[in-house]
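Please construct the entire structure, taking both the sequences and the accompanying hints into account.
So you can see what is in the structure, the chains are spelled out below.
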Amino acid sequence: MGRYVTRRVLQAVGTLLLVMFLLHLLTTVAIQLNGNPAQAFFGDKVASPAQLAAVEQRFGLDDPCFDRVGDPCLGPFAERLGQYARGDFGTNLRGREVSDIVAAAAPNTLRLFCVVLITWLTLGMVLGSVAARRRGSAGDHGIRLTSVLIDAFPVFVLLIVYRYVVAVPLHRWAEETFGEDSWPPYWFKPSFDPDHPWATVVVPGILLGLAGSAAFIRLVRAGQLESYQGDHVRTARSKGLAERHVVVHHVVRNSSVPVVTAVGLTFAEALGGAVITEGLMNIYGMGGVLWEAVRNDDVGLVLGIVTLLAAVTVVVMIVVDVAYAVLDPRIRYE
Amino acid sequence: MSEEARPLAGAWRALRRRPDTVAAATVVLFFALMAAFPALFTSTSPRSCPIRDARLDPQGWGAAHPLGTDALGCDVLATLVHGVRPSLLLAAVVVGVSVMIGVTLGLLAGYYLGWVDYLVSRAVEVFLVVPLLLAALLVLSLFQGVDLGAGTFQVILLPAVVLILFGWMPYARYVRASTLEAKNLDYVTAARSLGASDVRIMVRHVLPNAIGTVTALLPTSVAGVISAEAVLSFLGIGVRPPATSWGIQIEQGSEWVTGGAPHILLAPLVCLVATVLALVVLGDALRDALDPRLAR
Amino acid sequence: MRVRKAGGTGPEGTGRAAAERDGRTASSRAPLLEVRDLAVEFRTAEGTVRAVDGLSYRVDAGRTLAVVGESGSGKSVSSLAVMGLLPDGARVSRGQVLLAGEDLLTLSRREHRDRCGDRVAMVFQDALAALNPVHTVGYQLTEALRARRGLSRRDAARRAVELLDLVRVPNARGRVKDHPHQFSGGMRQRVMIAIALAMDPDVLIADEPTTALDVTVQAQVLRLLAEIQAERRMGLVLITHDLGVVAGVADDVTVMYAGRVVERAPVRDTFRAPAHPYTRALLRSIPSAASGGPQGADARRPRLSVIPGRPPSPAALPAGCAFHPRCDLAGDLCRSERPPLTTALTTQPHDDASSYPRASACHFAAEVLASHDVPAAASGRPRPTGRRDARETEEPTDA
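Listed in order, the protein sequences are those of chains A, B and C. All residue numbers for the first sequence refer to UniProt numbering, where the first residue is 1 and numbers rise by one. All residue numbers for the second sequence refer to UniProt numbering, where the first residue is 1 and numbers rise by one. All residue numbers for the third sequence refer to UniProt numbering, where the first residue is 1 and numbers rise by one.
It is worth saying that the hints were derived from the structure and are not from the lab.
Some chain A residues near chain B, calculated using beta-carbon distances under 8 Å:
(1) 19
(2) 27
(3) 148
(4) 152
(5) 153
(6) 157
(7) 164
(8) 269
(9) 275
(10) 297
(11) 302
(12) 303
(13) 313
(14) 314
Glycine is no exception: its CB is placed at the ideal position from the N, C-alpha and C atoms.
Right under this line is the structure:
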């Protein structure tokens, strides 16, 4: 087991290096084709060549390779890796350290993901279990219809409708009903409030979680159906165990294996969703920062954040793999 | 060939019997028709935007502006109709090319294993680590300044390349898995021992086994690309002006919901949801028809 | 082959045990497990299908009953009904399952399973599927003890090792932490048996316990079952499609065809002289009996034969006797009228105090019986088929 984890981690480090190289190549080609990103620093103002050169130097773009189309620019890549290794992830256009920005933004993203994860698991487990339990009943069909409808409303649409159509009247209603200082108005606030990070993150989190939950509902249903029909469940029942015990230890436990894998796969998708959610709801999180950076053409910041989020994804995937190996002893550690 | 034809034919029969899939297919065809022949649906140009007509309410069918006008005075229906083509074209191109890449790589990896498999698997892993939308945000903002022209294809070229680049992996994974499965089936072993060439075995015996899973993924993938495009356009880095798309319309309309002109947002939103819903329903039905394991 | 192994290994043990048991059970007590007139129905798209119709049997302490039939004959479904484990869509439509006199079918499903968990245990056919792949063998061995009897973790661990020792899994202490997929097929089936024994049941129902195993392993597992059964004086219901298995282990046999009992008898009677054409055909299709052996030169020796046709679908049973389309004796009567299970067949002079009266559901039962009796009595030679092994196991008992 220990060796398995070690090997998995080493492999992940390799993957991450490849990812960074890929991102580097994309950036390089873009700069080579696109002209100088330092221009973005000045927005619409016209900068003098000396000013440009200063900015170029500050962002590590002064290497001549950036002027040669097709040059992979390995020198600047090695340099950037060195900086990353020292914990230096560069600065945004205004000179603020990316690591500072991340330190301030990450907690809000974590909050959001807590809500998302809870939404996934409760919706998936509850609806999926009920559907599997009452297969073929009206409830099963209703749950199935729900999961199709969930799929049909992308996060983007859900959030637009919520933010622009539903939130304002709901917020007003909550204020009138519960008073301005109570909790409910904060839940329905159409934008993030740093003084109430949890309350204002709940609804966006639920919406984002809702969007990913259809896959969980389907998986839990299919997994539990397979378990219910499995011979091992019959064996457990033949021991005279209480049905509750059988469901927990033999049905839910066995169907948890695919669910855990799904958490890993859906996570990457949810990160994308988090960008939309945080951007639209003005949540000051990693996604929100990225959203703003894209709008401001702050390529350095976009690159830094995407790299970091890729690293996070790699870590999540390792955790999922290890959890998978723990949950299903049939997986060989190879 | 018969192995390939049978499950698909069976699926086709099963699909035709379900009213929901027929309705969904009708919706998809309707929008496809709109993309192909916008002139059938509107004679107004989306580019004639007299500012004095801004934010007119919907006037009903037959009037000058059946769905009203937007904040700049452009006809909402015309924008809507002309916005379908880039979205659908993008979706078709992205899914088509991704499937080709994914199926080829997955087939090769699963069939030859060894270093081919190693390379493909590593590539899948690398591209999976960067979430599609993040990659799109990064690359599209990087290449924002590159001018590619304003033709139908040029407008969607960049988003298409990015979405393909970061979207082929699921197909490769599925196809690799089912290739591994099919490779050891008796008839494949038999074909090999009879001296059939690798290419022949792959195309005639292994591929048909994988085609069902991939087909079941298609509608949902198309829906995914359409909504991804909407997000990118909303951010201003998807389809480029002067071309329009639903995402751009949604972006513009979102400002006016509380400003007395909700139709500017609702019209494209309803179209988007209708299309995605229809595709998801189709995908769900296909999954049932082609993957009996889940259909129980 | 498999029969010779099974029979050959167990003649003394089972034979002696059988003799003792016969003595014991002669003192009449309420049977341990009795099934009366059981009928099970399945709801299907085509309507209700009767999978079991009028099954009755009884098992006493220390005796082994074999329920024999082809797949689809209802033998497995009936044992699931006994255990209260019928799948969705199936229900018991008639009958009683008496466990020491108490009708389990009148209890709630929960109480039913509770009762069975305590006193009736089941060994399933495919141990790989029947064991939970994600739990250790030790956990599964003592799961019921811990959940229902409140055993401590340490006691449970000790008990798990004991149980594995009991079924002779080598290095039991080291293996309790292993998962089912780490065991070989035979060892896995032993684990399955150990799990069944964990609650110290009075009755063990073994549903095709050896079908999934290699021939040599089959014999070992069967022997183990027989020994444990004899040691603990359990009642054993052995469900199998293989009459060859029956010969070595069982005391009594109930043959099922298309959901109904067609013959019921002490094993030795059945093997000496089956009273139903179906049983006779089954005996003739046992391979080991027809190959080689001293009677190989016998011109009258029936060849290894196959029963023509296939078992009928429970959804479309033929009118009259369900076996008539495949039966060489079938007459007009068989096509129109279903033969009842009649018990007036005690023609065997040696029939001892067996509590298992012979019965056959055939219009021509007497003729079938007579066809064996004459040559059997005349030549003293083993009868048509399956004979060699049956004789080996039975002779010590007879003597």
